[in-house]
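J.: Below are the chains, spelled out letter by letter.
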Amino acid sequence: MLRHIKYYFQQRYLLKLFIINDLKSRYTGSLAGVYWSIINPLLMILIYTFVFAMVLKIEFHKGSGALNFAYYLICGMLPWTAIQDSILRSTTSIVENSDLVKRPRFPASILPIHIVLSNLITMLIGMILLIIILVITGNRITCTLLYIPVLLIPQVLFTLGLSWMFSSIYVFFRDIQPFISNFLLLWMFLTPVFYPSTIFPARYEIFLILNPAAHIVNLYREIIMKGNHPPMLSYITLSIQSILTFFTGYIIYVKLQPMFTDRL
Amino acid sequence: MNRPMIICKGVSKRFKLYRDYKYAIIEYLLLKRRIYHTVFYALNNISFDLEEGGVLGIIGDNGAGKSMLLKIIAGSILPTSGEVQVNGGISALIDLQSGFKRDFSGLDNIRMNLVINGYSGKKFDYLIDRIIDFAELGDFIKYPISSYSTGMLMRLGFSISSSIVEDVFIVDEHIAVGDNYFMRKCIERLKDLNRERKTLVIVSHSMHLIANLSTRVMWLENGKIRMLGDPPTVVREYEEYILKKNSRQVQESKNLLSNEARISKVRILDNSGNEKNLFETEEDIVVDVECVFNKRIENPVFGVAIFKEDGRYIYGPNTFFDRFRTGTCEGNVRFRIVYERPPLLSGRYLISVAIFDPEHVYPYDFHEKRYKFEIKSNLLDHGDIKINHRWFVEKG
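Protein chains in written order, with this note's numbering: chain A, 1 to 264; chain B, 265 to 660.
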């Protein structure tokens with residue numbers, strides 16, 4: 001394992017190359033190019049703010065104001081989209097880049113890694129924009145924002161674990177792709193993205209505890225929107241879940257990887 | 265004896281062939297109670313070793329397993345059984361698609377390949393320049409390779425893979441061709457690598473290249489080694505086999521030929537009527553043909569043509585174009601053509617013999633490139649034929 005970490009450190013130039021090309025390729029051919037990765041989340045924030053704060057006037061918590069609801073929504077959607085997008089795109093990444101994977105010495109595991117990291121960058125851009133807008137609209141910003149990097153670690157481990165798992169299984173069982181996209185839809189509704197976790201029925205609370213995405217979304221809301229220290233229990237649960245997922249995914253990848261070229 | 269660079273021990277590659285991959289899953293779920301696959305051996309018990317600085321040429325028909333063997337040596341495919349040991353760094357060009365990311369620019373693809381192979385710093389920058397220089401892609405190097413033509417992709421592929429050779433270079437020559445200019449460049453690069461005592465494994469259909477470059481040649485047939493030995497012997501055997509195969513194909517299509525006449529015997533003679541296969545430049549060559557006519561034919565057309573061993577057509581006279589009247593033919597007929605002082609230079613040649621109908625429309629019988637002779641010449645001239653010439657020099 002340590003050997004692998006050292007290996008990925010050596011491959012960091014490759015990773016950089018892949019991430020930059022990935023970010024660029026999303027907007028190739030457009031006039032604004034890479035700047036879309038800033039314009040895009042900005043537009044999203046503006047639209048949500050407009051719809052929920054001006055048109056629908058929905059409140060998240062009683063008396064918290066409709067504007068806040070939009071920000072709550074966005075604060076939950078950014079990490080969720082990063083997780084969802086990473087998993088969806090990673091699943092097919094090894095098969096789609098079979099030409100590369102067949103090449104001796106090409107580290108196939110870099111394909112899910114770069115997708116996860118590139119989605120993370122997109123998410124962080126969105127978060128920075130959100131924080132700027134929060135400041136402009138006169139919200140209180142505290143130094144609990146410094147917890148964001150701490151929260152990134154379990155998020156990356158968790159997403160990466162699932163991405164490795166699905167991308168290597170997909171090489172052999174193509175049936176999992178439609179299953180995953182539908183499962184992600186269900187998962188999104190089971191995660192308090194569009195609603196506060198407080199309205200989740202108490203007797204089903206176990207679903208919230210078992211759901212790492214719920215922890216991630218809640219923790220981001222705690223530290224960005226509420227300015228609280230992250231609830232320790234939640235963070236520890238998330239960390240354990242993430243580490244387990246990470247290693248499961250990694251082991252599945254390592255076991256299946258030697259058989260890739262025969263199936264591609 | 266040099267230390268062995270590549271050691272291949274009893275390598276086999278077995279495939280389970282399924283009509284559709286879903287049967288593989290069904291089979292697995294049924295715990296193999298029902299078998300849906302057929303077994304196919306792409307490689308069967310291949311063993312050899314190659315010393316450092318050696319050049320192994322691999323020849324064989326399509327589907328013989330040449331590319332599969334390359335991929336296994338390169339390590340991109342694992343053998344089902346057996347063992348491959350390579351005591352050094354490998355660079356390979358086996359198929360054009362692998363090793364590229366299609367939405368990356370040419371330059372980023374070069375960078376990616378260099379990084380994968382562990383280059384950095386000064387060496388990295390030096391190699392980038394060298395690769396770009398060799399590939400001669402101009403401004404295209406900055407564009408995504410999805411916009412490249414096959415030829416450009418091939419140039420980039422060869423340029424990258426041949427520039428990062430540590431110890432072993434594996435190349436399938438079929439894809440490393442292209443225009444004559446670049447092919448020559450590729451061959452020069454291969455020769456350079458050979459001079460630097462790199463170990464090379466080359467698959468090629470060009471017997472010329474194989475015979476010139478290899479230190480050993482392997483002939484693969486249906487996944488097995490048919491022959492492994494010194495280049496001249498194996499190449500000659502293989503060429504003979506190709507020749508036989510071609511004539512067998514002609515024989516198989518013989519029912520296309522009509523029944524009126526058959527060529528029964530062909531001999532290549534010298535001037536005094538002795539059978540001979542080795543001639544000198546400008547020595548008379550006589551081709552003597554015995555045939556049987558089953559029907560009475562007025563003025564059938566006889567033809568005898570000369571080809572270079574690689575199949576290039578050198579000369580093909582017949583009695584129709586020569587307006588030579590062959591008269592009434594029935595039963596046993598013997599005809600003969602005398603090539604007077606043919607200006608052919610050194611090399612191996614093939615002869616085709618044919619009998620056509622009087623209008624020279626369809627052949628009664630046709631022995632295509634079935635006979636061989638060789639020219640050994642003291643002349644140092646290059647080319648196919650000798651053209652009589654004189655030199656003039658004027659000064660002042």
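Among the clues, some could well be false.
Unchecked claim - For lysine-lysine, the following DSSO-like pairs were computed, each having C-alpha atoms within a straight-line distance of at most 27 Å:
#1 B:Lys406 <-> B:Lys387
#2 A:Lys255 <-> B:Lys529
#3 A:Lys255 <-> B:Lys540
#4 B:Lys529 <-> B:Lys540
#5 A:Lys16 <-> B:Lys386
#6 B:Lys280 <-> B:Lys386
I should point out that these hints are in silico values taken from the structure, not numbers from a laboratory.
J.: A separate judgement is required for each hint: does it hold in the structure or not?
T.: Evaluation of the provided hints:
1. A distance of roughly 21 Å separates the Cα atoms of B:Lys406 and B:Lys387; the hinted pair therefore holds under the 27 Å criterion.
2. For the proposed pair A:Lys255 and B:Lys529, the alpha carbon gap of about 65 Å is over 27 Å, so the pair is violated.
3. Proposed proximity of A:Lys255 and B:Lys540 is contradicted: the alpha carbons are some 65 Å apart, above 27 Å.
4. Using a Cα cut-off of 27 Å, the hinted pair B:Lys529 and B:Lys540 holds, with the two alpha carbons roughly 15 Å apart.
5. Straight-line distance between C-alpha atoms of A:Lys16 and B:Lys386 comes to about 19 Å, which keeps the hinted pair within the 27 Å bound.
6. Taking the CA atoms of B:Lys280 and B:Lys386, the gap is about 47 Å. The hint is violated against a cut of 27 Å.
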